[in-house]
Amino acid sequence: MAILLPIVGQDVSVWGLIVLGLVAGLLAGFFGVGGGFLMAPLLNIVFGIPYNAAVGSDLAQMLGMSVAGTARHLGLGNVDYKLGGLMTVGNLLSIEFGARLVEALKARGTMNVGGREVHALDFYLPLAFIVLLFIVATMAFRESREALKRAPRGGIVETEASRTARRLSFPPFFTSPTSGIERLSIWVPIGLGLATGVLTGFMGVGGGFVVVPALIYGLSIPTPVAIGTSLFCILFKSAYGCFTHTLKGNVDILLALILLLGSTVGAQIGALGTRRFRGAHIRYYFSIVLYLAALLVAVKLLAKVGLLWA
Amino acid sequence: MNPYRLLLETMQDANPSEPGYQASWAYVVLCLALPVAFGLLSGAAFKFMERVLKRSLPDGQH
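Chains A and B supply the protein sequences, listed in that same order.
Residues in the first sequence are numbered from 1 upward in steps of one, following this note's numbering.
Residues in the second sequence are numbered from 1 upward in steps of one, following this note's numbering.
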C-alpha cells in the first residue's frame, strides 16, 4: 500500500515505513537511545526521502517517542530535573545553529565531487553521519570490551574523566541527590547540551547515544538516571527541533506519524529484550549496529559520487 | 468532515517548494500536537496493557 507524502512529494510504502519504524524503535528500546542516528540515513537510503525532510520528520517522530519514554521514566524516579534542565539550556541555544546549517547547505545547491554534480546537503550530511557513527561505535566497542572483562552488573562507573569533571572549579556549582552529584560546575552539563544540540538541529538525532555514555562515564551518573535524564532532554530538543524544521518546511507530519506507529511498538519490545542481557553486552552489540550503519551510509555516499557503481 | 482530508489540506498549505516559504501556524501546531498526543496515548495504552498482563499472570510468570 503506497501513500503520497505531500511535503516530500513522493509515494512511499506505508508498510515499509512501519517496518522501518519498528526496527528503529526495537533498536532504540533495546539500546536505550532515541534511534534517530539510524532513522534519517535509512529514510534517505531505503525510501529516497531528501535529507532535509528525513531530518525534520525524524525529529517529529522522536518527539512522540520521547514523550512516551519520559512519562515512563518520570514514574520510576529516573529523571534528574536539575541536570536535565541545565543540559536543555545548552541544547536550546545550539539547535537553531544546527538547523541553520541545514538551510545553508540547502541554499548552496550542487557542488562538484569527483567530477559529479552532487547536492551539498547530500554530501556533507552523510559525511557527518559517517564520522559521528564511527567515533561513537569505536568508543562503545572499546568500552564494552573492557567492561565485559571487569565491570559488575549495573551500578556507578567511576572514571578519571568523571573525577576530573567533578574537580572543575568554574562557578556557579550545583548539587543533585538524584544523580549523586555533590558539587559540579553548571558549565559541564550546559557544555554537553551545547554540543549535542548542534547534532539535533543538523542531523535530526536526539544525541542519546552520546549523552547516555557521557553521563555514565563522564559524570558517573547511575545508568537508569542517565537514560531517564537523556530522554527528558530529548523531549525538549526534539520539540524545538521539530518546531524550527516545520517553519522551514522540512517536516512531513504524515511520514512522522506512520513511523511512530512502528517505533512505539518496537521500543516496548526492545525494552523487554534488555532484561535478558548484561549492560556491557548490549553496548557491545550496539557498537556493531553503529559500524553497520556507518558502512551503509558510506556505501551510499561513495555510490553517489561515482566511486562505487553508478 | 474527514480528518485525513483535513490533514492533507493543512499540509498542502505548508508546501515548502516556494522560495522563502514559511509554514502556516496551523501546520506548526499540528506538527507539535500530533506526536505529543500519540506519545501520551501510546504510553498510556502500554501501561494499561502491562497492568492487565500483571493481573492476569501470577507472580514469577511475567
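Rather than coming from a laboratory, the hints here were simulated on the basis of the structure.
Just to be clear, a hint being listed does not mean it is correct.
[As the list claims (entries may be wrong)] Per label pair, the in silico range of CB-to-CB distance:
1. A:Gly77 - B:Leu40: 18 to 24 Å
2. B:Leu40 - A:Gly9: 26 to 32 Å
3. B:Arg5 - A:Val299: 38 to 44 Å
4. A:Leu292 - B:Leu6: 39 to 45 Å
5. B:Ser24 - A:Gly306: 39 to 45 Å
6. A:Trp15 - B:Ala37: 22 to 28 Å
7. B:Ala37 - A:Gly16: 21 to 27 Å
8. B:Arg5 - A:Gly16: 20 to 26 Å
9. A:Ala161 - B:Val29: 29 to 35 Å
10. B:Arg51 - A:Glu117: 45 to 51 Å
11. B:Arg51 - A:Ser169: 47 to 53 Å
12. B:Met49 - A:Trp187: 42 to 48 Å
The model shown is predicted, which means the values in this text are computed figures rather than measured ones.
We put the CB at the ideal spot given by N, CA and C, even for glycine.
Cross-check of the supplied hints:
1. A:Gly77 - B:Leu40: 18 to 24 Å: About 20 Å separates the Cβ atoms of Gly77 (chain A) and Leu40 (chain B), which means 18 to 24 Å holds.
2. B:Leu40 - A:Gly9: 26 to 32 Å: holds, 30 Å
3. B:Arg5 - A:Val299: 38 to 44 Å: holds, 40 Å
4. A:Leu292 - B:Leu6: 39 to 45 Å: holds, 41 Å
5. B:Ser24 - A:Gly306: 39 to 45 Å: Holds, at about 40 Å.
6. A:Trp15 - B:Ala37: 22 to 28 Å: holds, 23 Å
7. B:Ala37 - A:Gly16: 21 to 27 Å: Holds, since Ala37 (chain B) and Gly16 (chain A) (Cβ atoms, about 24 Å apart) stay within the stated range.
8. B:Arg5 - A:Gly16: 20 to 26 Å: holds, 24 Å
9. A:Ala161 - B:Val29: 29 to 35 Å: violated, 42 Å
10. B:Arg51 - A:Glu117: 45 to 51 Å: Cβ of Arg51 (chain B) to Cβ of Glu117 (chain A): about 57 Å, so the range 45 to 51 Å is violated.
11. B:Arg51 - A:Ser169: 47 to 53 Å: This hint holds: roughly 48 Å between Cβ atoms.
12. B:Met49 - A:Trp187: 42 to 48 Å: holds, 43 Å
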